[in-house]
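> Given next are the chains, with one letter for each unit.
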Amino acid sequence: DTAVSQTPKYLVTQMGNDKSIKCEQNLGHDTMYWYKQDSKKFLKIMFSYNNKELIINETVPNRFSPKSPDKAHLNLHINSLELGDSAVYFCASSQSVWGTGSYNEQFFGPGTRLTVL
Amino acid sequence: AQSVAQPEDQVNVAEGNPLTVKCTYSVSGNPYLFWYVQYPNRGLQFLLKYITGDNLVKGSYGFEAEFNKSQTSFHLKKPSALVSDSALYFCAVRYATGGSYIPTFGRGTSLIVHP
Numbered sequence: 029d030t031a032v033s034q035t036p037k038y039l040v041t042q043m044g045n046d047k048s049i050k051c052e053q054n055l056g057h058d059t060m061y062w063y064k065q066d067s068k069k070f071l072k073i074m075f076s077y078n079n080k081e082l083i084i085n086e087t088v089p090n091r092f093s094p095k096s097p098d099k100a101h102l103n104l105h106i107n108s109l110e111l112g113d114s115a116v117y118f119c120a121s122s123q124s125v126w127g128t129g130s131y132n133e134q135f136f137g138p139g140t141r142l143t144v145l
Numbered sequence: 064a065q066s067v068a069q070p071e072d073q074v075n076v077a078e079g080n081p082l083t084v085k086c087t088y089s090v091s092g093n094p095y096l097f098w099y100v101q102y103p104n105r106g107l108q109f110l111l112k113y114i115t116g117d118n119l120v121k122g123s124y125g126f127e128a129e130f131n132k133s134q135t136s137f138h139l140k141k142p143s144a145l146v147s148d149s150a151l152y153f154c155a156v157r158y159a160t161g162g163s164y165i166p167t168f169g170r171g172t173s174l175i176v177h178p
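Top to bottom, those sequences are chains A and B. Add 28 to a position in the first sequence, counting from 1, and you land on the number used in the working numbering. Add 63 to a position in the second sequence, counting from 1, and you land on the number used in the working numbering.
Be careful, since some hints might not be right.
As the list claims (entries may be wrong) - FRET-style restraints, in silico, Cβ to Cβ:
1) A/S108 - B/K132: 41 to 49 Å
2) B/P70 - A/S93: 33 to 41 Å
3) A/H101 - B/S173: 43 to 51 Å
As the list claims (entries may be wrong) - Beyond 12 Å from chain B on every Cβ pair, some chain A residues (computed):
4) A31
5) V88
6) S96
7) D98
As the list claims (entries may be wrong) - Once the Cα atoms are required to be at most 25 Å apart in a straight line, the calculated DSS-like pairs of lysine-lysine come out as:
8) A/K64 - A/K95
9) A/K72 - A/K47
10) B/K85 - B/K112
11) A/K68 - B/K140
12) A/K72 - A/K95
13) A/K69 - A/K80
14) A/K99 - A/K50
15) B/K121 - A/K80
16) A/K69 - A/K37
17) A/K99 - A/K80
18) A/K68 - A/K99
19) A/K37 - A/K95
20) B/K132 - B/K112
21) A/K69 - B/K85
22) A/K95 - A/K47
23) A/K72 - A/K50
24) A/K47 - B/K112
25) A/K64 - B/K85
26) B/K121 - A/K64
27) A/K80 - A/K47
28) A/K68 - B/K85
29) B/K121 - B/K140
30) B/K112 - B/K140
31) A/K50 - B/K112
32) A/K50 - A/K95
33) A/K47 - A/K37
34) A/K72 - B/K112
Bear in mind the hints are in silico, worked out from the structure with no lab data behind them. This structure is a prediction, so every number in the text was calculated from the model and none was measured. No residue lacks a Cβ here, since even glycine has one placed at the ideal position from N, Cα and C.
Turn these sequences into a full structure, and let the hints guide you.
This is how it looks when you write it as structure tokens:
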């Protein structure tokens, strides 16, 4: 059973389009994250939700909008795609970041490779 | 502010030799430190973590890491490298800010184990 799954695995689209990436975790975790990995493999956190509440919102263009319908799902919608959005996007989850859960490791999905043409 | 540094972009080692992947950190208060591994076209996988207690932490696939508070380091080690250990390794630190813990990752170190 896949712990953290993402769809689609590959996404190729034209500049200006709007696209979404979906993430689901079956680990019962309270916290979910979106990361962007660029071509140099640098990993940057974008957003984090704890129990459907946004807790981390790094400096990300407002074209990116996360949405958590329930604590097992965290989707990422991107409007007006730009060339610079091309990257691999990883979803991750962990036990709650609050209190004693703060030292729990993260579980990552397989990634979604987004290519903007 | 907190930061994590992985000073080497790439580490090359011969199979059977010991390997070390370096990580240093800067954080206020006590750090929680992690190592993750990323194989090609895969997501990151957790290897090991230091929370408190014994400075030598053992993890998956025979890896271990030593927490050194005075040198603010958390180097990843393995006594005998395998070709299959070739991958990208990330060090990460979590710290307390405003009651939540924000994970910060290093830039990654590519480990290449030669047969």
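> Hints first: check each against the structure and report whether it holds.
Consistency of the hints with the structure:
no.	hint	verdict
1	A/S108 - B/K132: 41 to 49 Å	holds (47 Å)
2	B/P70 - A/S93: 33 to 41 Å	holds (36 Å)
3	A/H101 - B/S173: 43 to 51 Å	violated (33 Å)
4	A31	violated (10 Å)
5	V88	holds (14 Å)
6	S96	holds (16 Å)
7	D98	holds (20 Å)
8	A/K64 - A/K95	holds (16 Å)
9	A/K72 - A/K47	holds (20 Å)
10	B/K85 - B/K112	holds (15 Å)
11	A/K68 - B/K140	holds (24 Å)
12	A/K72 - A/K95	holds (18 Å)
13	A/K69 - A/K80	violated (28 Å)
14	A/K99 - A/K50	holds (13 Å)
15	B/K121 - A/K80	violated (34 Å)
16	A/K69 - A/K37	holds (17 Å)
17	A/K99 - A/K80	holds (5 Å)
18	A/K68 - A/K99	violated (31 Å)
19	A/K37 - A/K95	holds (19 Å)
20	B/K132 - B/K112	holds (15 Å)
21	A/K69 - B/K85	holds (17 Å)
22	A/K95 - A/K47	holds (13 Å)
23	A/K72 - A/K50	holds (18 Å)
24	A/K47 - B/K112	violated (36 Å)
25	A/K64 - B/K85	holds (23 Å)
26	B/K121 - A/K64	violated (29 Å)
27	A/K80 - A/K47	holds (21 Å)
28	A/K68 - B/K85	holds (19 Å)
29	B/K121 - B/K140	holds (10 Å)
30	B/K112 - B/K140	holds (13 Å)
31	A/K50 - B/K112	violated (28 Å)
32	A/K50 - A/K95	holds (10 Å)
33	A/K47 - A/K37	holds (13 Å)
34	A/K72 - B/K112	holds (20 Å)
Comparing the model with each earlier hint shows violations of hints 3, 4, 13, 15, 18, 24, 26, 31; every other hint is respected.
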